[in-house]
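Colleague: Sequence:
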Amino acid sequence: MPKCNFKKTYEMKNTSILCLMIFLLLVACKKPESTWTEEDAIKVHAEVESTLREYHSDIERDGLLAELKYLDSTEQFSWFAPGFSGAIGYDSVVAILKVMAPMFPGIDHTWDSLVVTPVSYQEASYMGLVTSVMTDTAGTNDTVRFREEGKMIRRSDGWKLLSGKTIEIN
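The numbering used here puts the last residue of the sequence shown at 903; the count rises by one with no breaks.
Treat the hints with care, since some could be wrong.
[Unchecked claim] EDC-like mimics (lysine to aspartate or glutamate), calculated; alpha carbons at most 16 Å apart, straight line:
| # | residue 1 | residue 2 |
| --- | --- | --- |
| 1 | K898 | D875 |
| 2 | K893 | E808 |
| 3 | K893 | E881 |
| 4 | K776 | E881 |
| 5 | K893 | E800 |
Just so you know, these hints were derived from the structure itself, not from any lab.
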């Protein structure tokens, strides 16, 4: 019959338990790699608000096709456009903008109000009222007001509109 060394077995169990306890203690006490602070929220808010204001400035300066720079071109993108019964994707928005751009060489969007809500380092939502003066090729101005809401996402090349909804208001 083999001889059992109880002392050695007891020492191995104690060593294993001790190692497990140290590991659990280290994991439990580990400081989170990053925490969301008020300063982070303020920074995201400023970045997204600046992006949305630049978005309108670029459209005013360069026309409707300038909008493409601010749209997320992934499959996740969606937009509820006025006059549509459901969301449309990036390719549809591009097609619409290409048709409308030559028809409206003058666009002046003004944020009447804008509220940005940071969600994380990578995401923020926004909502605001916009007055848009659109000038067609004949020089006729049409003023439209709408409510704009959406979600912005941080990509490697800046903040992009991931999803949005535009509702015309009279």
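Colleague: Indicate, hint by hint, whether the structure satisfies it.
Modeller: Okay, the hints, checked on the actual structure:
Distance hint between K898 and D875 is unfulfilled; the C-alpha atoms sit about 21 Å from each other, more than 16 Å. Between K893 and E808 the CA atoms are separated by roughly 13 Å; this keeps the pair inside 16 Å, and the hint holds. Annotation: proposed proximity of K893 to E881 holds, straight-line Cα distance about 15 Å (limit 16 Å). Taken as a hint, the K776 and E881 pair is broken in the structure, with Cα atoms around 22 Å apart against an allowance of 16 Å.
Distance check on the hinted pair: K893 and E800 sit about 10 Å apart at the alpha-carbon level, within 16 Å; holds.
Checked against the numbered hints given earlier, the structure breaks hints 1 and 4 and satisfies all the rest.
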